[in-house]
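J.: Two chains, two frames, a set of hints: combine them into the complex.
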Amino acid sequence: MDLAEYIQLVFTDYTLRTITLGTAILGAVTGMLGSFAVLRKQSLLGDAISHAALPGIAIAFLITGIKDSNVLLLGALISGLVGTFWIRGIMNKTHLKSDTALGLILSLFFGFGMLLLTFIQKQPNANQAGLDKYLFGQAATLVESDVWMMTLVTGSCLFVLLLFWKEFKILLFDADYTKTLGFNTKFIDVLITTFIVLAIVLGLQTVGVVLMSAMLLAPAAAARQWTNSLGYMVIIASVFGALSGVVGTAISASQNNLSTGPVIVIVAGVFVLISFVFSPSRGLLFKQIRLLKNRRDLKLHKTLSFMYNIARTHDDISHPHAIKILNNFQGYTTGTLQKLVRKNYVRLEAGQWSLTLEGFKAASNLYNQQDHKDE
Amino acid sequence: MSSAQLEIQLIASLVAIACAIPGTFLVLRKMAMISDAISHSILPGIVIGFFITQDLNSPLLILLAAMTGIITVILVEYIQKTGLVKEDTAIGLVFPALFSIGVILIAKNANDVHLDVDAVLLGELAFAPFDRLVIDGLDLGPKSLWIIGAILLTTLGLLIAFFKELKLSTFDMGLAASLGFPPAVIHYGLMSVSSVTTVGAFDAVGAILVVALMIAPAATAYLLTNDLKRMLGYAIGFGVFSAISGYWLAHALDASIAGSITTMLGLLFLTVYLFAPNKGIIAVLYREKQQRTEVSLLTFLLHLKNHNEETERHVNHLNEHINWQKVRSKTVLDLAIKNNMISITNNIVSLTEKGNDFTTQAIDYIITNEDAQIEHMKDDFFLFRG
Chain A
0 MDLAEYIQLV FTDYTLRTIT LGTAILGAVT GMLGSFAVLR KQSLLGDAIS HAALPGIAIA
60 FLITGIKDSN VLLLGALISG LVGTFWIRGI MNKTHLKSDT ALGLILSLFF GFGMLLLTFI
120 QKQPNANQAG LDKYLFGQAA TLVESDVWMM TLVTGSCLFV LLLFWKEFKI LLFDADYTKT
180 LGFNTKFIDV LITTFIVLAI VLGLQTVGVV LMSAMLLAPA AAARQWTNSL GYMVIIASVF
240 GALSGVVGTA ISASQNNLST GPVIVIVAGV FVLISFVFSP SRGLLFKQIR LLKNRRDLKL
300 HKTLSFMYNI ARTHDDISHP HAIKILNNFQ GYTTGTLQKL VRKNYVRLEA GQWSLTLEGF
360 KAASNLYNQQ DHKDE
Chain B
0 MSSAQLEIQL IASLVAIACA IPGTFLVLRK MAMISDAISH SILPGIVIGF FITQDLNSPL
60 LILLAAMTGI ITVILVEYIQ KTGLVKEDTA IGLVFPALFS IGVILIAKNA NDVHLDVDAV
120 LLGELAFAPF DRLVIDGLDL GPKSLWIIGA ILLTTLGLLI AFFKELKLST FDMGLAASLG
180 FPPAVIHYGL MSVSSVTTVG AFDAVGAILV VALMIAPAAT AYLLTNDLKR MLGYAIGFGV
240 FSAISGYWLA HALDASIAGS ITTMLGLLFL TVYLFAPNKG IIAVLYREKQ QRTEVSLLTF
300 LLHLKNHNEE TERHVNHLNE HINWQKVRSK TVLDLAIKNN MISITNNIVS LTEKGNDFTT
360 QAIDYIITNE DAQIEHMKDD FFLFRG
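Protein chains in written order, with numbering that gives the first Met the number 0: chain A, 0 to 374; chain B, 0 to 385.
No false leads were slipped in.
Listed next, the stretches of chain A that the computed footprint assigns to chain B, with coverage defined by at least 3 CB atoms under 8 Å from CB atoms of chain B:
| no. | region |
| --- | --- |
| 1 | 44-54 |
| 2 | 86-98 |
| 3 | 102-113 |
| 4 | 201-212 |
| 5 | 253-264 |
| 6 | 272-286 |
As a list, the in silico DMTMM-like pairs of lysine to aspartate or glutamate whose alpha-carbon atoms are at most 20 Å apart:
| no. | chain 1 | residue 1 | chain 2 | residue 2 |
| --- | --- | --- | --- | --- |
| 7 | A | K286 | B | E76 |
| 8 | A | K92 | B | E287 |
| 9 | A | K121 | B | E123 |
| 10 | B | K85 | A | D173 |
| 11 | A | K40 | A | D188 |
| 12 | A | K96 | B | D226 |
| 13 | B | K29 | B | E86 |
| 14 | A | K96 | B | E86 |
| 15 | A | K40 | B | E86 |
| 16 | A | K96 | B | D171 |
| 17 | B | K304 | B | E293 |
| 18 | A | K121 | B | D253 |
| 19 | A | K132 | B | E123 |
| 20 | A | K40 | B | E76 |
| 21 | B | K278 | B | D226 |
Rather than coming from a laboratory, the hints here were simulated on the basis of the structure.
The structure displayed is predicted, hence computed values, not measured ones.
Using N, Cα and C, we set each Cβ at its ideal position, and we do this for glycine too.
Extracted from the complex, chain B is given alone in its bound form (with noise of 0.2 Å):
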């Protein structure tokens, strides 16, 4: 491996960091699509910024860049006020209009200008060692290690320092205003970290896929733990692991940088999606599946229970009456037996005391709809899994 080759994992990781955090309290705050615009409408910033300063790594530009993307959330928020569009509408018209202008920009003045729009929005990682930082002949690494360091530094400093009072204004707005947080400081202040990660990390992965390394580990964490910290942490691992396996996945095709580790991303979260323990499809549909024969079997259960003649208990007239196909009858049956809730004797079904006891319970339940009664019945229920 290369020094090249390490200085660009390197760069991929740190940036992959410095969104996973803005990142994580965009998705809690239903906000993901504000990075996407900023994402877009830091352009006519880039732009004008590259038009002063003549260089694409100055502070300047990200300086005015990053003003751009909160112009943008003020212009959304503004819309969105007026009451004629929705917020997402907002959104919509906003960044796009912001995008033509940079891309208008750039066009005019297409001859004087070594910018063009593939390379704000694709980004290409593969060139960021080439363009190394310098100072007195010293050679102090390449220049876009240096900017997303110092980004991820202040973010970090940011994140441990108001940590709490990101936590509870993304909980409880309510709450954390009237403990005196000022909500909008918070919310500003977490769009500004936002504008200056995406302007910062858009010369190495490029304006749109910023998008997905702050809204993809988020979103893979989010469905594995509903714990702050370890969604965090599950982000920023989440990121530097695709950061680094799309490197080589990158090499091995010889493709761009960018786009594989968001593949890399695309397929953790597909995974992640796909099995995670309690929230992936697989344990969703499992848990859904598992509820759809339990109602099943309480209302066998309640039929029993109000029925006292042989003939509506007998074997055969579960098919026709309640109206489930055999296997389903099979198998609620089956767990009734299973639990001693019920008996069978010469193809008549009667409840034992137990399935007596749990009717009833179950009933006081429907009745009452008193959350206290359903409580203890769920442990009957894990019985009945078991």
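Excised from the complex, chain A in its bound form (with noise of 0.2 Å):
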């Protein structure tokens, strides 16, 4: 199947469409909120919340009976808030520390969900087949009402994100400041962590309660690499979760026995791992290439002022000397040589070198700062 007759099929198969739009729209509400928890150091909270939600799926169900996904999301999003809240409450009132809350809640959590799961699937009631898909998470049991919430809870959540925008920004960057600034910080704070927890359960249905957490995180931390203006990593977040959506269905749709929620995982891995490497500002490679030209540079200098510490004890500062001399210096390479003699700083001639004027200038100004030209 080529390119072309797969986006053919994106627009003419039902079951294609709905995963595609799903999965997109998923990728783009959980890498704009996403943005959020990793600038709040939060990152795990979206781990913790995944797994503190599988009991109140099957509680969920004990408590109806019936297997419609917008009444399990509801117990999904009651047991993740208690969990959220519960480690608020053992951070803040005991000495553990917040990764033990959020361990403890994660793996106490999921153990009662599993006890709960495996409890219902000896019930009599023919309907409970299938809920350990939240499990894993299986995007082909999306359909479009499905969607059509996403679409929703992401449309208000961009909405109550665009109407506190700046209480957010705010919070985000300095807690303390905002509170003596008169702002309700705990209702912003509830306000924005219910919407993690919301997207977070949303999710649960497509990647299931395992990779919900790199769902939240991966888009968010390859966005902030790129950027350092919250405005920018929201929108640049969203891009790459939708991205990975719709790139992550097409590679699981067109292999066999590949399930989309890994399939996704990887492909946002890999974005997270391009702007590791490849960000302009802060990724690894022009890091390194920096490193090296600054380690030239520095290289440089020292040849220069070895020159010029020898220069200086003659009267005439361009007397020449044999470039032999320089031989026991480290810093010393035909490279570097035939650099300075292209900044004039040195001339050549018959394997002797000799300080210019304006080379004895520089390297006499060159731990004064105040020649930056070779910067």
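T.: Next comes the structure, spelled out in structure tokens:
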């Protein structure tokens, strides 16, 4: 199947269209909210919440006895919120640290959820089959109403985000200042946390409990590398998220036996990898290049100052010296020498070098920070 | 109780002990989430190991999987060192990616591999007694019992041998390093033990619930004591208790054993979280309330000392001026009278000699802010409570 054919199929095939749309919207909303989670240093909260949602799904099913995805999601939302606020309680009221609190709630809720799920499986209700799809997610079970639900949540999310943009932003970067300005920090905090929980719960059906946290984190972590502005970061993260959804769906649809969730996560991981390496300002590649360049410049300076120290002892600063005497010196290569010649700091004649007046001046000012031409 | 039931409980208890020991140190070193990361990311290791050995209990598989765990730790540390993202984000990025690779590996080879993700993640203790170690036709008991027993013995040996090094580096890494105990060796040693334990335990209780067995007993114990040895002891006790009671809960409900064990751990934690003598929620809330009253009393006494005018010291005035509610003023007033700090004549409140001394001390403390001043005042505060 080639690309054009696939794109055509996306628009004509109901299942494929629904899944592509669903994962794209999901990626966009998780990327958007994930930015806040990452910047608030709550990256692993997503992991904890997604696990904590499991008992909610089971209890919702036990109470209602039907497998309506909206009811189950409501249960997941409630238990996710309970988990989140319990984590807060543990962190604020006891001396247990955030990592312990997260790990505790994550594993305890999940374990309880497992107990309930296995308990349900033994019940005579034939409806129960397929509840465990929430563990790993099954994008194939998405139907149009789910996509509408996602669109609705994303829309309201976007609306609230725009409405409270400056509150969110200021809380993110300086919580104490926000409080002194008289904002109701608790309310803003609860609002943003609730939306994060909502986004996570929404994704459970598609990518599952285990991988949901990556959906929240990866696009945001990737976007963080490209910008220092919150607004751009949120936008880039949504784009990355949506792209991972679309590309991931395409890859898993083109092959047999590939579940969508893990593929989406891997695609998002590739985005992160690319961003880590190739981002112009923070990326590892350009950082390394800058490092090498600085090191070369430093060596150049070293050679120049070595020459300067020799030339200083002579009355005539342009007195020629043998290149050989530079050999003991580590910063010296023919390359750096040529570079100095090009800068007109040094003249080379018949195996001998001599400092020009310009070079002498540059070298004497090297550590005075007055000459920035070399940088 | 049949022998299979006994064996299950034995395995569960051993797993609980083996998890509680590294778990205690993980919690103390604020690395609890690393255990979550390891438990997920061993999946590709298990899958690849299974392709090679075709046996879930082979030592090679355990070794391979444990290595994946250590690779996770190294990866997380590398990403963290680049400074591009924070540590928790690094953890959150690494393990889902590795886990996804594992899931995809399984899915792609689903036809010729008898391994599914559910089994790895959730485990099934109930089948453990049926996979027996037989040498020369001699039945030596369930395989997982031997595996977890060996892991537990190694862990215990390492714990006893390196107890003081572990203790020192956990509480003061700088001192440990300056005394010549390389922190990296201890760190990776602990990580290796955690990885091996996780792998050894996963087919009994499942990868995610290993996390529960590592963190929950340690966290519960940490709420009860500040002594490392006692904390280890409590953690092991809690682990074994929930392993055995969890088994019977599962038996009664006919549900997953691992899930029941975790539920018992959760209940245990909830109880301790609420009722722990010093650090439980109820104790904390009570203490906060008491401190609030103490501060109110102090404010009140300072107010009295500052004002000689009778109008300022009238009982009714308290309600208005310091803006306290009636109930609260009454509590404070009663407390002060009970401690002979004040005397009331004709509804005019005045400081007694004792109250005067106390207030002077309090002012001293507030001005100098030296800890030495507050020390004997704390004793006086205890008097109030009585």
